[in-house]
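J.: Since the structure of chain A is already known, use the hints to place chain B on it.
These protein sequences, in sequence, are chains A and B.
Per our numbering: the first sequence = residues 886 to 1208.
Per our numbering: the second sequence = residues 27 to 475.
The hints are simulated quantities; they were obtained by calculation from the structure and are not laboratory data.
Each hint should be verified, as a subset may be incorrect.
Only pairs whose alpha carbons sit at most 30 Å apart, straight line, appear in this in silico DSSO-like list of lysine-lysine [said to hold, decoys possible]:
| hint | chain 1 | residue 1 | chain 2 | residue 2 |
| --- | --- | --- | --- | --- |
| 1 | A | Lys-950 | B | Lys-41 |
| 2 | A | Lys-1203 | B | Lys-181 |
| 3 | B | Lys-41 | B | Lys-415 |
| 4 | A | Lys-889 | B | Lys-320 |
| 5 | B | Lys-323 | B | Lys-389 |
| 6 | B | Lys-415 | A | Lys-950 |
Going by beta-carbon spacing under 8 Å, a handful of chain B positions derived as facing chain A [said to hold, decoys possible]:
| hint | residue |
| --- | --- |
| 7 | Pro-278 |
| 8 | Ser-445 |
| 9 | Leu-447 |
Selected chain A positions facing chain B (in silico; Cβ < 10 Å) [as the list claims (entries may be wrong)]:
| hint | residue |
| --- | --- |
| 10 | Pro-894 |
| 11 | Ser-895 |
| 12 | Ala-905 |
| 13 | Ile-907 |
| 14 | Thr-998 |
| 15 | Gly-1001 |
| 16 | Gly-1003 |
| 17 | Leu-1088 |
| 18 | Ser-1116 |
| 19 | Pro-1152 |
| 20 | Arg-1204 |
| 21 | Gly-1206 |
| 22 | Val-1207 |
Idealized CB from N, CA, C, for every residue including glycine.
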Amino acid sequence: MANKLIVSPSPHVQSAQSTASIMRDVVIALIPALIVSTIVFGVNVLMVTAISVASCVLFEYLIQKLMVKGPSTIGNWSAVVTGVLLAFNLPSTIPWWIIVIGAFVAIGVAKMTFGGLGKNPFNPALVGRVFLLIAYPVQMTKFPAVENPALDALSGATPLAAVKASTVGAGALPMQDLLLGNMPGSLGEVAAVALLIGFVYLLVRKVITWHIPVTVLGTMALFAFVVAATSEGADVTYMWQFPLFHVLAGGALLGSIFMATDYATSPMTVKGQVIFAVGIGAITMCIRLWGAYPEGMSFAILIMNAVVPLINKYIKPKRFGVK
Amino acid sequence: MKTFPIGGVHPSENKLSRAKAIEVLPLPEVVQIPLGQHIGAPATAIVAKGDKVLTGQKIAEATGFMSANIHSPISGTVQAVDMQLNGQGLRQMMITIKREGDEWVETIDRSTEIKRDCNLEPAAIIAAIKEAGIVGMGGATFPTHVKLSIPPGKKAECLIINGVECEPYLTSDHRTMLELGEEMLVGVEILMKAIGVEKAYVGIENNKPDAIAHLAQLATKFKGIEIVPLKVRYPQGGEKQLIAAITGRQVPPPPALPIDVGAVVCNASTTYAVYRAVQKQMPLIERVVTLTGKEVKNPKNLLTRMGTPISALIEAAGGLPEHAGKVINGGPMMGRAMVNLDSPVTKGCSGITIMSGKDAERKTPGQCMKCAKCVSACPMGLEPYLLAKLAQKKQWDEMEAQMITSCIECGCCQSTCPSYLPLLDWVRLGKQTVMGLIRARMAAQAPKK
Chain A
886 MANKLIVSPS
896 PHVQSAQSTA
906 SIMRDVVIAL
916 IPALIVSTIV
926 FGVNVLMVTA
936 ISVASCVLFE
946 YLIQKLMVKG
956 PSTIGNWSAV
966 VTGVLLAFNL
976 PSTIPWWIIV
986 IGAFVAIGVA
996 KMTFGGLGKN
1006 PFNPALVGRV
1016 FLLIAYPVQM
1026 TKFPAVENPA
1036 LDALSGATPL
1046 AAVKASTVGA
1056 GALPMQDLLL
1066 GNMPGSLGEV
1076 AAVALLIGFV
1086 YLLVRKVITW
1096 HIPVTVLGTM
1106 ALFAFVVAAT
1116 SEGADVTYMW
1126 QFPLFHVLAG
1136 GALLGSIFMA
1146 TDYATSPMTV
1156 KGQVIFAVGI
1166 GAITMCIRLW
1176 GAYPEGMSFA
1186 ILIMNAVVPL
1196 INKYIKPKRF
1206 GVK
Chain B
27 MKTFPIGGVH
37 PSENKLSRAK
47 AIEVLPLPEV
57 VQIPLGQHIG
67 APATAIVAKG
77 DKVLTGQKIA
87 EATGFMSANI
97 HSPISGTVQA
107 VDMQLNGQGL
117 RQMMITIKRE
127 GDEWVETIDR
137 STEIKRDCNL
147 EPAAIIAAIK
157 EAGIVGMGGA
167 TFPTHVKLSI
177 PPGKKAECLI
187 INGVECEPYL
197 TSDHRTMLEL
207 GEEMLVGVEI
217 LMKAIGVEKA
227 YVGIENNKPD
237 AIAHLAQLAT
247 KFKGIEIVPL
257 KVRYPQGGEK
267 QLIAAITGRQ
277 VPPPPALPID
287 VGAVVCNAST
297 TYAVYRAVQK
307 QMPLIERVVT
317 LTGKEVKNPK
327 NLLTRMGTPI
337 SALIEAAGGL
347 PEHAGKVING
357 GPMMGRAMVN
367 LDSPVTKGCS
377 GITIMSGKDA
387 ERKTPGQCMK
397 CAKCVSACPM
407 GLEPYLLAKL
417 AQKKQWDEME
427 AQMITSCIEC
437 GCCQSTCPSY
447 LPLLDWVRLG
457 KQTVMGLIRA
467 RMAAQAPKK
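This is chain A alone, in the form it adopts within the complex:
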């Protein structure tokens, strides 16, 4: 019997979590938003998501098999996560071939070129989205109109775009519409409540910690508050409406909960994560208020992704016993 014993160094305990279980949890956390999005925009949402996920998984499978010539990595579900996140960043009316191109850029260029899971410096889904935004600006910013009398003034523009163009004020949208997603936008960004449910799920399952999302949103709210408070003719209503609008509209929640928390492209220490998150919040608000685009979340995350290696080099955890 003794010769059958396994011998290995300690510890003899391993995590109950696995890469696949974590990635599956992320997909599960995105399902509430997918459901709300399907209710708001129709069955097209499911088609876009299915095409995106299928292409991402296929590209990863083919690249791993034909070019890397290594064991298949699609079993870890990370390509599925990228697929769903990419879809969530697209309008529901996008042509199918643009989705496939986006998936290729996300997986082929942004992920596998660098060595796959954990080695990519930039968030793959965001690289895919930003590529499409620049390459196909017309298709990427054409959003289907939603039947909502409060939004007639928007006529197919996202709330952020409408507010930026000063068509409507930040207070024009009823709060419940922002929360429940009754407005034009990308698939995954319209349902604040659904995204928050996903956030809670990820926290409970210990997939992410609260630091990055809360810091990003807090920075954005503070930034918006200061801008609102110092603007001409600011009244009290505007001073809370404006920050709340910026936190709930556009990709703030989707980006801060699901994209900025991407393991490979965020810092390794809590202190570093807070610095990273403050940067994302501030850059997002600068682009939204003074930049060329109505939304700046994707750019902000990608810019801060580039700073992560530097943060990891200089921001060290609190060492035990060192003052």
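T.: Then chain B, alone, in the frame of chain A:
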């Protein structure tokens, strides 16, 4: 509730034998006594083949200050003093004794009556502890008399008794505190006297409420002893973590020692052994060993003579389970996997944990996805993912700069890794190499004699 400041994990506790009273294991027919079962120089045998020995008789003497005496756990005839296989399958010098009856050295008081008063001077207490061959029984096996000999220029401010037992499965300290609590508290008093402090804390994790309540009630009869319940978190039983949890003081990185923050830490079972050594002249020849595992028929806490083959303990608990895959000397976080089940129980053996089926196997490692769970889990504030990478690249200088020598090898990083990476394997390799380089550098700098 108090706990240590950085990192830590909470593995499944699996304290299967928590409610099992200590049982006396029948005396073994043959014992094997390794000469090196403590940190420091192995002891020097003072018996030879053919010698008759009594239970409790000294059979090996400490080689210098940083070493410990060893006594015969049974009476009988020395059969051999030679190289034998230890638990890890390595050859080690051992004394083999065949039992004949159980005749004790006369001076040892074997009664269970509690002897409260101790009129010895500190130096005499430390001498009695050294004579009895007492070493840290929590697993580290650091000679206790060395720990109690406060170096000149340093001052002890408090004594901390380690009743944390944060390793999953193990319950030997728990049962000792519960069943031999009063004796242990007398031991605490003796240790306080030995190092000249007025205050002692007994740190116990709050998954042992019975032990906390029992000792807190007993402690009212003692002066200066406080029972401190601690939040359940591994590795709270680590010396530095325990000191930080109780006093809030952090021991600086190596070569600093607990005494640099005024603390002396002693394990609960060791404290009981100190009581017996000083009050009863009883050398360290037996200890409580937890024999446990999910598939073990009767997990038990066994009062075992040193040198007893571990296979005898396994038999007493119902035999090796059918799907046993790994037998660990110690708990699953820091214990060592065994090759040779006939190897003996030693002073540092607090338990034997048997892992079965899939639990015994390492899962296939994947790719690091930078989830940072290892960084959050590290109780020393290190970056295990980075240290493992640096070790693979043999960047020893950078590893030293990243404070590899602070690693206490608790295994939090590896046990929390969702990619099942062998982080601690790499970190250990790096730590050993870096420590070797540091020693070589110091030797080169030292003035030639």
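J.: Would you pick out the hints that fail for this structure and give their numbers low to high?
T.: 1, 3, 9, 14, 17, 18
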